[in-house]
Amino acid sequence: MENSSTPTLEALQQELEKLRAKTTRLERSRKDQLSIAIVSGDMDRILAAMIISLAAAAMDSKVKLFFSFWSLSALRDPKKKAKGKNFIAKMFGMMLPKGRNKLKLSNMNMCGMGPVMIKRLMKQQNVLSLDEMFHQAAELGIEITVCEMSMNLMGFKKEEMIDYPNLRFAGATTFVADAGESSMQWFI
Amino acid sequence: MTTEELKALKSNLTVDARGTACPGPLLAAKKAIGEIESGEIMEILSADEGTKNDIPRWCEKVGHEYLGFYDEDSFSRLFLVKD
Numbered sequence: 014m015e016n017s018s019t020p021t022l023e024a025l026q027q028e029l030e031k032l033r034a035k036t037t038r039l040e041r042s043r044k045d046q047l048s049i050a051i052v053s054g055d056m057d058r059i060l061a062a063m064i065i066s067l068a069a070a071a072m073d074s075k076v077k078l079f080f081s082f083w084s085l086s087a088l089r090d091p092k093k094k095a096k097g098k099n100f101i102a103k104m105f106g107m108m109l110p111k112g113r114n115k116l117k118l119s120n121m122n123m124c125g126m127g128p129v130m131i132k133r134l135m136k137q138q139n140v141l142s143l144d145e146m147f148h149q150a151a152e153l154g155i156e157i158t159v160c161e162m163s164m165n166l167m168g169f170k171k172e173e174m175i176d177y178p179n180l181r182f183a184g185a186t187t188f189v190a191d192a193g194e195s196s197m198q199w200f201i
Numbered sequence: 763m764t765t766e767e768l769k770a771l772k773s774n775l776t777v778d779a780r781g782t783a784c785p786g787p788l789l790a791a792k793k794a795i796g797e798i799e800s801g802e803i804m805e806i807l808s809a810d811e812g813t814k815n816d817i818p819r820w821c822e823k824v825g826h827e828y829l830g831f832y833d834e835d836s837f838s839r840l841f842l843v844k845d
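Here the protein sequences come in this chain order: A and B.
Mind the numbering: the first sequence is residues 14 to 201 in this note's numbering, read in order.
Mind the numbering: the second sequence is residues 763 to 845 in this note's numbering, read in order.
Derived from the structure by calculation, the hints contain no laboratory data.
Hints may be right or wrong, so weigh each one.
To be verified - Here are the simulated lysine to aspartate or glutamate pairs, DMTMM-like style, with alpha carbons at most 25 Å apart:
| id | chain 1 | residue 1 | chain 2 | residue 2 |
| --- | --- | --- | --- | --- |
| 1 | B | 772 | B | 805 |
| 2 | B | 793 | A | 152 |
| 3 | B | 793 | A | 144 |
The model shown is predicted, which means the values in this text are computed figures rather than measured ones.
Same shape as in the complex, but just chain B (with noise of 0.2 Å):
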């Protein structure tokens, strides 16, 4: 997805783990994805780069699909789809 369609996604739950290093993130990820629905949108904040990379990793292993992210001034913006 392209930066402008991801800015206009509604998100069904925001996650900000903005304050943890890898792996909080994903851990925070994996706690907040059993909040939503199947179908419904999750957006994650983080500030660690090498999360960008994983969090795709986990949607492809648990089957959750991956709609990319933007950087903000000092974090990025990551979404999914829950399987």
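The shape of chain A in the complex, shown without the other chains (with noise of 0.2 Å):
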């Protein structure tokens, strides 16, 4: 009878080789890792986002940033000009903020005088500017995923969007297969 309770050496050899492989997998569903789907295309939540991925980044944790919706309005860049598109899709262009530097207010925006005001305390305050935040994005190796399909449903297109090292253009399981193995996934 006692036999039979007391596990063998054997026994207790497989559980522990279980008990590895677990461990191992937990480990690498946990990566050091912060995936932000940003789906605001307000100039404080771009501001947020940017400012904790580059802190992020800065601490030596991967980031992968997936933008979509009102968000991809912030990855057009002014300069650049779509051609083909049809008259919902110019609709779309012309309302939507063109450029980082355009983007709205959540909150006391009042009629753009939000964001000049904003700006200016940014400056004296030497807080970096959204350009500046981009550049250093790019510097620390974040990566930017752009939704292809809310792209594409907002009458955006691949031209038009801001020159940054391996912009990748993927849908909403690249995001859920970046969010799965990262420690902290969060939405904006």
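Take the two lone chains, each set in its own frame, and fit them into one complex as the hints suggest.
Below, the structure written as structure tokens:
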């Protein structure tokens, strides 16, 4: 009786092997990585996402940003023009902010007065501008993925997106896969 | 380390990040840390109050040894040893 309840050395070793495999799997699924799905196109929200991403990248976390829907305005290059747009796409293009420096505030936008004031304050208090933030992000290897589906939906084209190293065009699956292996997954 | 001990330290590299707000000082520190060898001392000058909390957390995460800080008139000096 006593013998049957005491595990043998072999059984323990097997158990240990199983646990070891499990911890390896767990460790791999909790990479030191930050994945953010950025859906908002408000200046304040893009600012927050960029500041946190820069801090994470500086702390050696891998950062992967997935830009979707309204946030795509922030990735438009005002100097670039895309041809072959239909009427609705042209309307969207006209009505949405053309680039990161034209974004509105989620609060106190006041017909554009708000962003002007915030930008002045940021300069006064030595906060990096969005231009500088994107520049630093590229330098720190922050990855940006454009949601292809919402880009098409809003009538934007690849040709009008900013120059950014390894800018990727992909879908929700890519974000889910990235987020699944990240220890931090956010939605802004 | 006490302020006296910190004042007596000879830094191998001083990073002046007084002209930037969060997360500027961290970015400056991250960029500069590559310029010194392991075991050498880096000094960061920052006028951003939050840096005093941020830099120790960064050191803790990436393995540098944070030594401490002391305040000057309008900024702080933070010290660390590179891992």
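Here is what the structure says about each hint:
| no. | hint | in the structure |
| --- | --- | --- |
| 1 | 772/B / 805/B | holds (9 Å) |
| 2 | 793/B / 152/A | holds (10 Å) |
| 3 | 793/B / 144/A | holds (18 Å) |
Of the numbered hints given earlier, the model fails none.
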